[in-house]
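Chemist: Numbering (this note's numbering), first residue to last: 205 to 503.
No wet-lab data here; the hints were simulated from the structure.
By construction, the Cβ of each residue, glycine as well, lies at the ideal position given by its N, Cα and C atoms.
Treat each hint with caution, since some may be false.
Stated by the list, open to error - Calculated pairs, EDC-like style, for lysine to aspartate or glutamate (alpha carbon to alpha carbon, straight line, at most 20 Å):
#1 Lys499 - Asp317
#2 Lys321 - Asp335
#3 Lys500 - Glu332
#4 Lys321 - Glu332
#5 Lys500 - Asp335
#6 Lys375 - Glu286
#7 Lys499 - Asp335
#8 Lys500 - Asp317
#9 Lys499 - Glu332
#10 Lys367 - Glu286
Claimed, not checked - Distance windows between CB atoms, simulated:
#11 Val255 - Lys500: 27 to 37 Å
#12 Thr462 - Ala414: 26 to 36 Å
#13 Ala354 - Pro324: 30 to 40 Å
#14 Gly252 - Ala354: 17 to 27 Å
#15 Ala410 - Pro330: 31 to 41 Å
#16 Ser239 - His435: 46 to 56 Å
#17 Thr282 - Pro324: 53 to 63 Å
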Amino acid sequence: MAVEQPLTGETTRIHDIGYRGYDGPRLGRSYARRSLYSQSLRGAYGLGRSVKSKVLPMLLFAVMCVPAAIMVAVAVATKAHELPVGYTRYAIMMQAVISLYVASQAPQAVSRDLRFKTVPLYFSRPIETADYVRAKFAALASAVFILTAAPLLVMYVGALLSKLGFAHQTKEFAEGLVSVALLSLLFAGIGLVIAAVTPRRGFGIAAVIAVLVISYGAVSTLQAIATTQGHDGAVPWIGLFSPVTLIDGVQSAFLGATTRAPGGVAPTTGQGVVAVLVTLALIAGSYGLLLRRYKKVGL
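Starting from the given sequences, assemble the full structure and let the hints guide the process.
Modeler: In structure tokens form, the structure reads like this:
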């Protein structure tokens with residue numbers, strides 16, 4: 205039976221392979237949160253990633269801006285006294301493009317971390333669940349806001365170059381920015397909650413499209429049926445069940461927008477207040493569900 209010999213100075217070696225302790229500044233949670241936000245926002249447009257990853261978000265960004273540029277060109281050429289489409293109506297008109305963008309980028313923001321089980325690695329650093337959720341939520345909401353606000357800016361600059369009324373255009377532009385800010389928060393929250401359920405990006409994309417696009421089609425159909433049967437008062441209430449029609453109700457009630465609901469039935473002030481409360485509740489609820497989801501994932 206072999207007897208293990210004790211280690212002596214001649215059989216042991218300590219090798220210096222160049223590792224050094226870090227003696228620089230400790231930037232802490234806020235820096236980590238900002239870095240995660242910046243990286244996620246850049247990733248939403250494919251920046252810092254492969255060329256293939258840039259194609260879809262940049263294409264959708266162009267699709268959002270080109271109609272606005274065309275409308276401005278038409279207004280300038282015809283010397284119109286008003287833009288063909290209002291600032292608050294533009295995002296609702298382009299809701300299919302916005303939904304496709306959210307469906308493609310929400311899973312990209314969170315699904316890979318879930319699929320490759322890298323979420324616990326984030327929490328091994330000075331970053332907590334709330335920091336991760338805040339950074340991802342803010343990044344996607346900012347990306348959607350850039351997507352929806354850029355064409356409004358094109359329209360605003362074009363309107364000023366066309367010498368349309370400065371005060372009137374500025375007021376409507378500000379109302380449009382408020383509308384797309386709410387839309388960005390709502391769509392980002394819903395998209396991230398759905399995408400965070402599954403690590404499969406394809407499933408996440410399909411689920412987000414189903415919720416955002418199919419719900420809009422179903423609600424619009426029910427609103428049309430209610431209008432046909434003479435139940436106009438039910439139209440704003442039905443609009444509470446789709447993110448797109450919900451934003452339409454809010455801006456129709458308080459931001460001077462013309463509703464796109466069938467029959468042109470605008471919500472009353474009370475119905476508008478309910479729409480605002482439902483919107484804020486969905487945004488806060490999305491954030492709460494993300495916190496709950498990532499507390500389990502980070503274990």
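Chemist: Looking back at the hints listed earlier, which ones does the structure fail to meet?
Modeler: The structure breaks none of the hints.
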